[in-house]
Amino acid sequence: MSGRYYMEELYSFLDELAANNNRNWLVANRSRYDDLRGQWLDDLGRLIGLIKEWEPACGPDDPRRAAYRFARDTRFSPDKTPYKTYFSAAFGPRGRRAPYAGYYIHIGHEGNGGESGLYGGLYCPPQPVLTKLRHAIVDNIEEFTEIITAPELVKAYPGWVGERLKTIPKGWDRNHPQAELLRLKDYGKFKAEGRRWWTDPSWPERTSEALRPLKPLVDFLNYSIDE
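Here the working numbering is used: the first residue of the sequence shown is 4, the next is one more, and so on.
Note that these hints are calculated values from the structure, not bench results. Treat the hints with caution; some may be incorrect.
Below, computed lysine to aspartate or glutamate pairings styled on EDC-like, alpha-carbon distance capped at 20 Å [to be verified]:
no. : residue 1 : residue 2
1   : 83        : 113
2   : 83        : 18
3   : 218       : 56
4   : 173       : 183
Construct all of the structure, not just a fragment, from the sequences and the given hints.
This is the structure we're talking about:
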C-alpha cells in the first residue's frame with residue numbers, strides 16, 4: 004500500500020476489478036482486497052458507533068454483519084461476473100433484518116455497480132408489508148406529511164427513489180388525495196455522494212450526520228410495520 008488514504012486505494016482497486024472481473028485477477032490481488040476490506044470494516048464500525056449516538060438501537064454491532072458479501076449471486080442474473088464492483092452495508096434499528104426500514108451506504112465503481120451514496124427507508128418490501136404501510140400512511144397522513152416535508156430532509160433527500168405503479172393500487176379510489184404516495188413500491192430516500200465524499204477520512208462522521216434527518220421516516224415505517 005502507498006501512503007494514500009485507503010479509500011483512494013479502494014477506488015483504484017474497484018476500477019481495476021471492473022475491467023478484470025474474474026477469479027484469477029482477484030486471487031492475484033487477494034492481499035489488496037483483504038487489506039482494504041479490513042480498513043473498510045474498521046470505518047464501518049466507527050460509523051455504526053456514531054449513529055448509535057442518535058439511534059441507540061442501531062445494529063448490527065459487528066460491522067462484518069452489516070457489510071454485504073463481495074461475491075455476487077449470479078444464479079438468476081444474466082450478468083455472470085463473479086464480484087461486485089462496490090462495497091456496501093446496511094444497518095438500522097432492526098439491524099439488517101428484512102422487511103424493516105434502515106440505512107444503506109454504497110461505495111465504488113460508478114459503472115454497473117450503480118450510484119454511490121446514502122439511502123434510508125424500506126426497499127422492496129413484501130406485498131403484505133407494503134399494503135400495511137399504505138394504510139398506515141393514509142391513516143396518519145398529517146404525521147407522515149410533517150415527517151417528509153421537514154426542511155432538513157427535503158433539502159438533502161428530495162423526492163422518492165425506487166419503483167412505483169403506473170396507476171393507483173387495486174382497491175383505492177383513483178382520485179385519492181394520497182395517490183402519489185400509494186403508487187410507491189418502495190419508501191426510500193437517496194442522496195448521491197461520489198468519490199470526494201468517501202475519500203475524505205472523516206466520511207464516517209459526515210455520513211452519520213447526513214443520515215440523521217432520515218430517522219423520523221425510518222421510525223415511522225418500522226413502528227407502522229410492528230403495529
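Hint check:
no. : hint        : verdict
1   : 83 <-> 113  : holds, 18 Å
2   : 83 <-> 18   : holds, 18 Å
3   : 218 <-> 56  : holds, 12 Å
4   : 173 <-> 183 : holds, 14 Å
Hint compliance for this structure: no hint is broken.
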